[in-house]
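Q: Order-wise, the sequence lines are chains F and W.
The opening position of the first sequence corresponds to residue 58 in my numbering, with each subsequent residue numbered one higher.
The opening position of the second sequence corresponds to residue 6 in my numbering, with each subsequent residue numbered one higher.
The hints are simulated quantities; they were obtained by calculation from the structure and are not laboratory data.
Owing to the predicted nature of the structure, the values given are computational and were not obtained by experimental measurement.
C-beta atoms are modelled at their ideal positions from N, C-alpha and C, and glycine is treated no differently.
Don't take every hint at face value.
Said to hold, decoys possible - Calculated cross-link-like contacts (lysine-lysine; reagent style DSS-like; alpha-carbon spacing at most 27 angstroms):
| # | chain 1 | residue 1 | chain 2 | residue 2 |
| --- | --- | --- | --- | --- |
| 1 | F | 353 | F | 301 |
| 2 | W | 151 | F | 158 |
| 3 | W | 298 | W | 226 |
| 4 | W | 17 | F | 353 |
What the hints assert, rightly or not - Listed next, the stretches of chain W that the computed footprint assigns to chain F, with coverage defined by at least 3 CB atoms under 8 angstroms from CB atoms of chain F:
| # | segment |
| --- | --- |
| 5 | 102-114 |
| 6 | 211-218 |
| 7 | 265-273 |
Unchecked claim - Between beta-carbon pairs, the in silico distance windows are:
| # | chain 1 | residue 1 | chain 2 | residue 2 | range |
| --- | --- | --- | --- | --- | --- |
| 8 | F | 174 | W | 294 | 20 to 28 angstroms |
| 9 | W | 132 | F | 356 | 36 to 44 angstroms |
| 10 | W | 144 | F | 365 | 23 to 31 angstroms |
| 11 | W | 165 | F | 262 | 33 to 41 angstroms |
| 12 | F | 313 | W | 42 | 31 to 39 angstroms |
| 13 | W | 296 | F | 157 | 40 to 48 angstroms |
| 14 | W | 173 | F | 365 | 50 to 58 angstroms |
| 15 | W | 136 | F | 131 | 23 to 31 angstroms |
| 16 | W | 101 | F | 386 | 19 to 27 angstroms |
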Amino acid sequence: MQFTIEVGRYNPEGTYDQRAVAGKPFPPPWDKAPPRRYQTYTVDLPAHAVVLDALIAIREYQDESLAVRCACRSAICGSCAMWVNGHAHLACKSKLATFTKDGKTRVEAPPSMPVIRDLVADMTPFWDKHHAVKPWLQAKQPEPPPMEEYRVPNAAMEELIQEVSCIACGACLMDCESFAVNPDFLGPQALAQAYRYAGDPRDAETKERLGAYSGPGGIWDCTHCYECVTQCPKGVAPLEQILKLRRMAVDAGFTNNAGTRHADAFAESVKHSGRLNELTLLPKSVGFFNILDQLKTLPSAFNMIRAGKLPPLIHKSIPGMQRIKTIFQRVGGRFK
Amino acid sequence: MKVAFYPGCVSKGACPELYVSANAIAEPLGLELEELREAACCGAGVLSEQNHDLADSLNGLTLAMAESKGADLMTICSTCQGVLSGTNYNLMNDSTRRHKVNATIGDQGFHYSGKVKVKHMLWMLFEDIGLDRVRAAIKRKLTGLKIAPFYGCYILRPEEYLGLRERPERKTYLEQLIALLGAEPVEYRGATKCCGFPMLTFNRDKSLAMAGNHIIEAKDKGADLLVTPCPLCHLNLDGQQPDAARVLKKRIDVPIFHLPQLLGLAFGLSPEELRLDHHVVPTKGALEKVELKV
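Build the full structure now, drawing on both the sequences and the hints.
A: Structure representation (structure tokens):
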């Protein structure tokens, strides 16, 4: 079967946008991203072939100058994550027949990472984030050290199977929307690993971890867009793990942040009126004593008032509030 | 067709123009809106992230209210759609969770058996109302306008909750609709991206950069306006647009329409009836292209 592949090639004469710095991700809009030109190849492969088969066939038989990073070809090593038709995928797991659109498949290095050559991205930002969350067990060390291994109940580890499945391919970070505007964001992969260790019953540094992850660039900088859940080839669902960390951090007392204030103000509003009170949500989330950030919201508030986009000044409750109050009393947890 | 109408907090709060325009196009579409006035806020993902049981029970109650009316539930907000689809998926596939919800709401005269379909108005146009009916309601083609779709995350992801694996065409409804109304859909990456609104209160500048970048990309591709089925996206894309321009140090000035406003224009309603004069970014330039004035 004939497949047409459009490959983003490194263009030595091109230049990075002046805002891009080596080791830093490229700022959007991504269609103006790092130097590349597209070269079209046609390959003859079986109908079940994957993108990586095509790239290897091109490199072996048509153009030995094509740079591709790959190893296991079985979705285990995580080295061939790249953009296929504008989203991050493992080339070895993406069937050409599924991805062919308008007669071709476009393959390129993710524009959200610096490019070394052709399809090979510089993964330094990814590994820096991965290491920053201390992705190793900081186990309790009883004295004297036990003579046998530290045993964990099966049920405790079953909770972590999803996170352990991560192969560190970086697909989630390549498509992460928060990372695209905030290079300091730890990102979905690192935070999913953070939960893997913070949620491990053997870990002795959980509280310290949660404190560190609650800071700038951490769990509250995720925009909740579900791109990472969609792109992860191993079902790790990083966003779900970030949300678990948020719950753990709040339970551990790390509540002096806009994220927790936002959740509290939200729940309070629904508990009292059944719906959202937009007039109080923003100031409560920002924090009444955070004068500087409060001031920043004023021009927008003024614009919206001028346009007549103002929530009703008297916030009315929905009819049948008693039902909502009963639900809060029964299952509201800390929002009771 | 009778639907249990769930307008969502924002259409009754900071985006009243959405509520007005959605009601205005119900008649030409043959929709009988039975508003769920006693339904609570969906929690926008914020409540479910902190407390699954609470979000399940509040949304389970909403679904039970729709079920008792014998109608499917219609949303006009991508976020409400995503959250209620998620609850519905979990309650239909996990009987333990459903029993728990029914135990919480049972003595209040409600029970949810899992029969309700949760559908955004955008989906209903294609799947229930039918494009023939939409076509028949068109009185004014929007020829000459280049329109960039902006879906909002929660009507696209996660795919399994939203039934997109069974119906992948749902990912192209906006483009199809824009073409049906006589305008030209603009193809750009931002269409399926995040507007940044969920981060607005925690990380304001980054949230605004996100919104601004997508609008600028659409503008660079020639868009006269963006259309969105999500009022939360609208709050960031329109309400915060002047601030986004300040953060990115660029002029933007691209009007953002709610989905029912775009349909209403094509159905011959006036810009005032659709409250197109109640936007932060003026809609005047785009309307003049189809020879309308506000």
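Q: Would you mind marking each hint as holding or not holding in the structure?
A: A quick look at each hint next to the structure:
no., hint, result
1, F:353 with F:301, "31 angstroms, violated"
2, W:151 with F:158, "23 angstroms, holds"
3, W:298 with W:226, "25 angstroms, holds"
4, W:17 with F:353, "25 angstroms, holds"
5, 102-114, "holds (count 3)"
6, 211-218, "holds (count 5)"
7, 265-273, "violated (count 0)"
8, F:174 with W:294: 20 to 28 angstroms, "45 angstroms, violated"
9, W:132 with F:356: 36 to 44 angstroms, "41 angstroms, holds"
10, W:144 with F:365: 23 to 31 angstroms, "27 angstroms, holds"
11, W:165 with F:262: 33 to 41 angstroms, "35 angstroms, holds"
12, F:313 with W:42: 31 to 39 angstroms, "37 angstroms, holds"
13, W:296 with F:157: 40 to 48 angstroms, "42 angstroms, holds"
14, W:173 with F:365: 50 to 58 angstroms, "39 angstroms, violated"
15, W:136 with F:131: 23 to 31 angstroms, "44 angstroms, violated"
16, W:101 with F:386: 19 to 27 angstroms, "22 angstroms, holds"
In summary, the structure is inconsistent with hints 1, 7, 8, 14 and 15 from the numbered list given earlier, while agreeing with the others.
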